[in-house]
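Q: Sequence:
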Amino acid sequence: MAKAQICICFIIFFYLWSVLYNQFFFFFFHVFLTKGNCMEVNETSSGSWCVAKPSTSNDKLQENIKFACSKIDCQSISNGSACYSPDSIISRASVAMNLYYQSQGRQYWYCNFEGSGFIALTDPSYGNCIYQFRK
1 MAKAQICICF IIFFYLWSVL YNQFFFFFFH VFLTKGNCME VNETSSGSWC
51 VAKPSTSNDK LQENIKFACS KIDCQSISNG SACYSPDSII SRASVAMNLY
101 YQSQGRQYWY CNFEGSGFIA LTDPSYGNCI YQFRK
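In this text, residue positions in the sequence shown follow full-length UniProt numbering: the first is 1, and each later residue adds one.
It should be emphasised that the hints constitute simulated quantities derived from the structure, not laboratory data. Just so you know, these numbers come straight off a predicted model, no measurement behind them. Be aware that a few hints might be false.
As the list claims (entries may be wrong) - Pairwise CB distance ranges, derived in the manner of DEER restraints:
| no. | residue 1 | residue 2 | range |
| --- | --- | --- | --- |
| 1 | S70 | W109 | 28 to 38 Å |
| 2 | N79 | S46 | 17 to 27 Å |
| 3 | G47 | N128 | 25 to 35 Å |
| 4 | Y108 | G80 | 27 to 37 Å |
| 5 | N79 | S125 | 17 to 27 Å |
| 6 | G80 | Q107 | 14 to 24 Å |
| 7 | S46 | G80 | 31 to 41 Å |
| 8 | S81 | F133 | 14 to 24 Å |
| 9 | Q104 | Q75 | 28 to 38 Å |
| 10 | F133 | W109 | 25 to 35 Å |
| 11 | Q132 | N79 | 12 to 22 Å |
| 12 | S85 | D123 | 23 to 33 Å |
| 13 | I130 | N79 | 16 to 26 Å |
| 14 | S88 | T122 | 11 to 21 Å |
To be verified - Straight-line distance between alpha carbons at most 25 Å, and here's what the computed DSS-like set of lysine-lysine pairs gives:
| no. | residue 1 | residue 2 |
| --- | --- | --- |
| 15 | K66 | K53 |
| 16 | K60 | K71 |
| 17 | K53 | K71 |
For glycine and all other residues, C-beta sits at the position ideal for the given N, C-alpha and C.
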């Protein structure tokens, strides 16, 4: 009985640790990698977008693009479009993942992509590439 209780405690501990680790990564990424060393948040920037985690493998990103584009229109990431450049798979995957996430009503589970997506609270749009946002 004691071994079972210890095992359950470890499972709970590792689950909570993984949740907190993901929250820390999300906070660190946004605070230190957006606009220098600080993140600007105001009431007009409320919203959520789905983007790919930087640590995701290219194969997984390609799977995410294939899945999302089988469900929604991905013309915005086609060659020559505004969101094709920069020519990086993570940028295109983030746009496709966000299009799918927005089309499904912005429910957090639609941004999971088997652990390769996360919710951004600041608009990830850049240049002429505008990430879709549905209120």
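Q: Of the numbered hints stated earlier in the document, which are not met by this structure?
A: Hints 1, 2, 3, 6, 9, 10 and 12 are the ones this structure does not satisfy, whereas the remaining hints hold.
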